[in-house]
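Asker: Residue numbers (the working numbering), protein chains in the order written: chain G, 7 to 130; chain R, 7 to 130.
Don't take every hint at face value.
[Claimed, not checked] DEER-style ranges, computed between Cβ atoms:
| id | chain 1 | residue 1 | chain 2 | residue 2 | range |
| --- | --- | --- | --- | --- | --- |
| 1 | G | G47 | R | D28 | 25 to 35 Å |
| 2 | G | M7 | R | V100 | 21 to 31 Å |
| 3 | G | N110 | R | H12 | 30 to 40 Å |
| 4 | G | Y94 | R | P68 | 46 to 56 Å |
| 5 | R | G75 | G | A64 | 20 to 30 Å |
What the hints contain is simulated information worked out from the structure, not anything from laboratory work.
Every residue, glycine too, gets a C-beta built ideally from N, C-alpha and C.
This is what each chain is made of:
Number of protein chains: 2
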Amino acid sequence: MNTIEHMTGVVQRYVAALNAGDLEAIVALYADDATVEDPVGSEPQRGIAAIRAFYAGALRLPLQVALQGEVRAVANEAAFAFSVSVEYQGRKTVVAPIDHFRFNEAGKVVSMRALFGEQNMHAG
Amino acid sequence: MNTIEHMTGVVQRYVAALNAGDLEAIVALYADDATVEDPVGSEPQRGIAAIRAFYAGALRLPLQVALQGEVRAVANEAAFAFSVSVEYQGRKTVVAPIDHFRFNEAGKVVSMRALFGEQNMHAG
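Kindly generate the complete structure, drawing on both the sequences and the hints.
Answerer: The structure is reproduced here in structure tokens:
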């Protein structure tokens, strides 16, 4: 069983790594056999190579990421609401997902799902 | 596929029904074969009779429920952060879960999971 402190710390490191554009720090949080479904409803990325490529794409533009409220964590799972701001050609967009992490016994994220729809994407 | 408007409306009706202590309005949102895992990590309630009994217990004291931020909804799933305040023998407790709903094709909730841990329970 993962501790609440560990899972909350992973979420905080994830947010910090997104803000820093630190691809390897993000990838280090994931298990080799992890899946990333971002957004929910899309075909998941399967395995660490696909996950690295996915985040390399996401980090092409600088991201400003901020938690909204407290991290929820219990029983090898964590969920958190947050916002991601990105500027492209002078236009700012803010996406506001709720992410869900599932952890393995080694403390790595084995499943990430990012739940947001069109109504959660706003002009900044 | 459920529309975002439908799923967001169900979440809003759920919050309103919790605030009103309206057991039947809550139960009406669920499919007959739904499961409720509240909190995540506990044994799920299975089926509408078990779910009615669960909420009857939860509504024994008046609840004050408020959404925290926007409802996230896409692809037959919704997630939302919220707070639940309850007063018992003069002591107020605030619990802050993130709930996840999965919808069936009839627009009913077939799976509810409430993710919160000890660190998400606060003295009010």
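Asker: Would you mind marking each hint as holding or not holding in the structure?
Answerer: Outcome of the hint check:
For G47(G) paired with D28(R), a C-beta distance near 31 Å keeps the hint of 25 to 35 Å intact. For M7(G) and V100(R), the Cβ-Cβ distance of about 25 Å falls inside the hinted range of 21 to 31 Å, so the restraint holds. A C-beta distance of roughly 35 Å is found between N110(G) and H12(R), which places it inside the suggested range of 30 to 40 Å. In this structure the hint that Y94(G) and P68(R) lie 46 to 56 Å apart at CB holds, the actual value being about 48 Å.
The supplied range of 20 to 30 Å is met by G75(R) and A64(G), whose beta-carbon atoms lie about 22 Å from each other.
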